[in-house]
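2 protein chains.
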Amino acid sequence: MRYLMTIVYDGSGYKGYQKQPKEKTIQSEIEKALKTINGGKKVDIHASGRTDAGVHAYNQKAHFDLNKNMTVDQIRNGINSLIPDDIYIKNVVEVDDDFHARFNVKAKEYIYIINLGEYNPIEKNYVCQYNDKLDLVEMERAMKYLEGTHNFKSFTKTDEDRDDYVRTIVQATLIRDMKNSNKIILSFLGTGFMRYMVRNIVGTLLAVGEGKLKSEDIIEILKAEDRKRAFKTASPEGLYLKDVLY
Amino acid sequence: MRYLMTIVYDGSGYKGYQKQPKEKTIQSEIEKALKTINGGKKVDIHASGRTDAGVHAYNQKAHFDLNKNMTVDQIRNGINSLIPDDIYIKNVVEVDDDFHARFNVKAKEYIYIINLGEYNPIEKNYVCQYNDKLDLVEMERAMKYLEGTHNFKSFTKTDEDRDDYVRTIVQATLIRDMKNSNKIILSFLGTGFMRYMVRNIVGTLLAVGEGKLKSEDIIEILKAEDRKRAFKTASPEGLYLKDVLY
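As you go down the protein sequences, you meet chains B and G in turn.
Each residue of the first sequence is one higher than the last, beginning at 647 in our numbering.
Each residue of the second sequence is one higher than the last, beginning at 647 in our numbering.
No false leads were slipped in.
One copy or any two copies: either way a pair holds, since identical chains are not told apart in the list.
Listed next, the in silico DSSO-like pairs over lysine-lysine satisfying Cα-Cα at most 30 angstroms (straight line):
1) K860 / K874
2) K770 / K670
3) K825 / K888
4) K888 / K829
5) K661 / K770
6) K770 / K681
7) K829 / K736
8) K779 / K736
9) K825 / K858
10) K888 / K770
11) K770 / K668
12) K878 / K736
13) K736 / K770
14) K770 / K829
15) K770 / K825
16) K665 / K678
17) K888 / K803
It is worth saying that the hints were derived from the structure and are not from the lab.
Working from the sequences, and respecting the hints, build out all of it.
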């Protein structure tokens with residue numbers, strides 16, 4: 647039987663989603679739990695993609711195969727009872743044998759939360775703190791230039807094994823919650839995101855907000871296909887994988 | 647010169663506000679910073695009161711004496727640069743030499759946040775998770791019986807040195823934010839709170855919400871002046887010292 651699970655996690659205490667030798671990761675904690683449930687036999691889980699150290703997820707998805715006489719709720723509760731309480735399995739559903747949590751992804755949504763208000767130590771791992779004024783209107787304009795199908799090579803880590811840097815950002819939105827919390831949320835819905843892509847985009851949008859770039863400079867940066875043209879990678883704590891759509 | 651500072655902290659990683667030998671506490675971190683600023687000479691800080699391990703504060707207040715040729719902003723920035731980033735000094739102001747952060751308190755406000763929605767691992771240190779249904783109307787009624795001047799001995803730790811258990815709760819309110827977040831906030835504004843008082847009250851209010859008690863049973867529990875009559879202490883992570891008024 648193949649199952650798909652929805653995972654929520656606080657990435658603060660982890661070296662990222664993906665398993666690494668000797669490091670505490672989300673994947674390794676869940677695989678450890680599944681191994682116990684599976685009577686000591688290893689279970690591989692396959693996620694929609696990795697998230698980096700300090701990045702959070704509301705609806706990460708991962709599939710795995712398990713042949714146990716258990717209901718999906720028993721599997722879910724079993725895993726939850728064995729993993730640390732900063733990871734939570736929201737649900738487990740049965741899927742077809744050929745379903746793949748990464749290859750079948752139709753779209754993903756990431757959000758990035760920026761606090762423009764006073765520093766709040768209670769939220770330090772959950773928002774990106776920004777202490778200067780930002781031109782939000784210019785940032786919104788810049789986000790519109792990111793929408794559509796583009797080569798995003800300027801916004802990711804160049805990988806010798808990769809030759810396809812074309813992705814589609816379906817929607818890029820700036821949501822203001824200034825009245826309640828002095829926060830802005832940058833939301834990105836797209837068909838696929840490469841390593842550091844959202845954080846590099848956010849870093850560049852911050853440069854637009856600071857007046858170091860104009861919104862239309864985004865067009866040139868995309869065309870350059872050169873990481874050096876974009877600005878620095880924004881910090882991980884503001885980033886959340888919000889949804890994975892199949 | 648005597649100064650009053652406003653302190654925000656995430657209590658998750660601390661053994662409470664108050665200094666204890668060999669334990670990591672809010673007070674000891676700030677006193678360590680002030681000692682450095684004061685050229686190695688110890689500075690005692692006096693807070694409005696302690697908070698327990700895991701309890702947070704938005705506006706804790708503490709006074710201290712310091713004779714340095716520094717502006718209040720220099721002192722504030724100096725302390726902030728020396729303390730961990732889960733503590734933050736919001737401001738420092740000059741006060742009279744006879745001002746005392748504890749003895750001069752007129753009122754304090756505590757809030758207690760309960761999540762009635764699905765468990766969220768990202769908020770695990772910041773809300774009290776409650777998985778069953780609660781009768782919120784009955785809880786609100788019970789809170790009205792707490793308002794006024796009462797002997798709160800049933801709701802605190804009995805202390806041989808203490809004979810005065812009378813306090814005034816000016817206002818006790820239940821705030822619903824069900825639409826946005828499935829959370830409720832219990833807010834308590836009072837002239838003084840004793841050890842575990844808010845958390846013991848919350849634990850008893852939860853018993854009312856569960857139907858184990860009726861709202862008017864609060865009257866009997868107050869009259870009993872016996873800790874055994876109230877219910878268990880609610881967990882610390884939902885509690886915030888929100889304001890201290892002078």
